[in-house]
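Sequence order for the protein chains is R and Z.
Numbering of the first sequence is given in numbering that gives the first Met the number 0, commencing with residue 0 and proceeding in unit increments.
Numbering of the second sequence is given in numbering that gives the first Met the number 0, commencing with residue 0 and proceeding in unit increments.
A portion of the hints provided could be inaccurate.
A short, non-exhaustive set of chain Z residues, derived as facing chain R with CB atoms under 7 angstroms [to be verified]:
id	residue
1	K6
2	D45
3	V47
4	D64
5	F98
6	A99
7	D128
8	T133
9	A160
10	M161
11	D214
Since the hints were made in silico from the structure, they are not lab data.
By construction, the Cβ of each residue, glycine as well, lies at the ideal position given by its N, Cα and C atoms.
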Amino acid sequence: MDLKSNIPSGPIEQKWSKHKFEMKLVNPANKRKYDVIMVGSGLAGASGAASMAELGYNVACFCYQDSPRRAHSIAAQGGINAAKNYRNDGDSVYRLFYDTVKGGDFRAREGNVHRLAEISVKIIDQCVAQGVPFAREYGGLLDNRSFGGAQVSRTFYARGQTGQQLLLGAYQALERQIGLGSVKMFPRHEMQELIVVDGRARGIVTRDMVTGEVETHLADAVCLATGGYGNVFFLATYAKGCNTTAIWRAYKKGAGFGNPCYTQIHPTCIPVSGDYQSKLTLMSESLRNDGRIWVPKKKGDTRSPGQIPEDERDYYLERKYPSFGNLAPRDIASRAAKQACDDGRGVGPTGLGVYLDFADAIGRLGKGKIEEKYGNLFEMYERITAENPYEVPMRIFPASHYTMGGLWVDYNLQSTIPGLFVLGEANFSDHGANRLGASALMQGLADGYFVIPYTIGNYLAQAPKTKVDKTHPEVKAAEAAVDARTKKLLGIKGKKTPMAFHRELGKIMWEYCGMARNEEGLATALEKIPALREEFWKNVSVLGTPGEVNQSLEQAGRVADFLELGELMCRDAKERRESCGGHFREEYQDDGEAKRDDEKFCHVAVWEYQGDGKTPTRNVEPLEFENVHLATRSYK
Amino acid sequence: MGGGTGKNLNLKLHVWRQKGPNVEGQFVTYDAPGISTEMSFLEMLDVVNERLAEKGEEGIAFDHDCREGICGTCGIVIDGRPHGPRPRTTTCQLHMRSFADGDELVLEPWRAKGFPIVKDLMVDRGSLDRIIATGGFITAPTGTIPDANAIPVPKENADIAMDAAACIGCGACVAACPNASAMLFTAAKITHLAMFPQGQPERSSRALRMVAQMDAEGFGSCTNHGECESACPKGIRVEFIARMNADFVVAQVTKGRREAQAGDSSAG
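Generate the whole structure from the sequences, applying the supplied hints.
And the structure:
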């Protein structure tokens, strides 16, 4: 597997400029001769599709939702980082770069991360020009807040709805192009297969989720911006429809999968309340600016929080990490919550929860100020739990929230399949083993607005100009594979619903490949998952017919892929015998802190599919740190 | 992960079932015993669907995605009210503690000419996207753009813009309106963009085009019932409709003059 990162040579701050100059261009009149497919319409997909259409390419954009505006980027609450240094607090492109490399526990590529930091400032300009209603101060200038893993205020936000507003900005740019006829939009279409001809990505096969029709769409290049795979845990903060199908089918067609075990478990989500639960709801990390996290000092303390006196509370993040306190990075905050609960000091009816307490902040700033900053989050909490967080502390617990792993891409966002580009959360590139808060929005928009418009041209200008038509054997084979799979799923007529299988898989993954992992547990999971998958293909019950809206069929297809991906995640977690960022191996720790092994694991693990039932190959892309020196991450 | 702290309810559901857009639909009654008050409304439907599946019956099709009240995908008319009884709450955020043991609930899809039924409780809201595509944007192609702080925006304006921009495009306003009007939706976008200096160049053409598309999609007109505001899960205010009307009137009055100056009525 060719894993050339294609990072340009030269000093880190000049790499991207140099590369932009060296890349090949497609002249303006020729751009309309190229067809590009974009799968996904979240921040990366919508911004990428709109920007490429503005340049003149013919773009076809696909999403499974009924409208591109509904992609799950919309749910991001807290904010977007940018190295604007509007606060005059010492921020810079280099500091954002440094914080991100360190936050990712030295498992990301320096070149990519520096580019991301450079582009971050342009994203804010772009969004303001589109009318994104960022929070402002009375003087009319933009406001900022702080986020985890940073000691400067560089996060721009739009109340607790930053993702919504950024996505609507990108969606509106996309709709403008749809109105102008340069993007053709295919809502309620799900990608089922990637078409590879002569080693290059040349199209996709989709299922129309209304009519059931299986359709082929051909193009000169294919971009996947289909998000993360954290729904493998069943309970997650993802939208219910988020799935791994697009990237998984690409993996099975030869795209390398980078670091599948790197998942982010977000520390502040509303705890599980019962077995019927279908999803977990995030409470923005921004709440940690003013909320203090604590548990009782005593085990099994069942008093209500108000009755526990100050000196019997353990503000464990402030105690363990005095310089970052409640704003410690997500992986660290999550693990600390787990430890407190494992200790028997968890709160709430299930004992799986910790308090996030606003009493001090309300006392200091007044209820009005807190309401202005977090009103909608408090309302959301109250709606779900029927508790009033102005009066009693919130109860929170970690939940699956983001996947740093994804399809391997080079500096150009190209996967190991030429012509297949991967953007946003779907790729593995910029966050290493842990993503800092407010960096997902930044990466999605950087990839879509400012990277892919350049790199796609570089590819198209050099790719051989051959046309593929729908009679090509590869096209026919891809269509036939989709049909066969649908028939197979509908033909099993078993007893268990796809959701029941998904729940079971989620339990295995959470237990053995969640916040803490070990050799024995992962070995167990690697036995349990194939057994569950075998049962699925014998006993799943998929009702209805293929030629109509069929939510049971949609779900079954996604669960089938999760059942394969889950195994790869466990395999990757087992082989990475170190702890780094969100990947915590119990055997490798210093008193609860992740212990990296730079000698053996300072690399990206890239998995290569070898065929069903065969063990995939683990390839390696070594990581080099020339600017930020490898060091133990400390937030103390 | 126990059963939680809630009580259990026994409910009866009368659900609109319709195979497809061109097939006649009907209400079908289902018993839903043992529903925990801690469940969300959609989790209750998940349970009903799982039980149907166990009997080999096809589940009730309904749209949903984020299940945290922000994507705007879900939407069921519950006992005649879009998104159900709780104010400022989407269907997915509505919890069963809002209901009582023994309740009978009527579940219907959004009903409006502009929202053809896809299946059961799912509708096609592509009309709302098409309204945005005609003018619900600021033309700002990706590229080199002045610094974000180059143009200050009064906080008051930015706050009004944010209030309007909070619309999630669920369509409850249309479903609630006796005229099936999409004016609250359209007005929210027009207001949002009109509050910024960057939105001024296209302000008039935006109002004209979006209103024209709204009419073309078969949505009715506003006759000041105000049902839309009370059904809106995000508290979008009817005063935005007044702002839209003002922009629309100004745009119409000045249209001739602008066309003469520009020499091109399609600019924008």
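Here is how each hint holds up against the structure:
no., hint, verdict
1, K6, "12 angstroms, violated"
2, D45, "6 angstroms, holds"
3, V47, "11 angstroms, violated"
4, D64, "4 angstroms, holds"
5, F98, "13 angstroms, violated"
6, A99, "15 angstroms, violated"
7, D128, "5 angstroms, holds"
8, T133, "6 angstroms, holds"
9, A160, "4 angstroms, holds"
10, M161, "4 angstroms, holds"
11, D214, "17 angstroms, violated"
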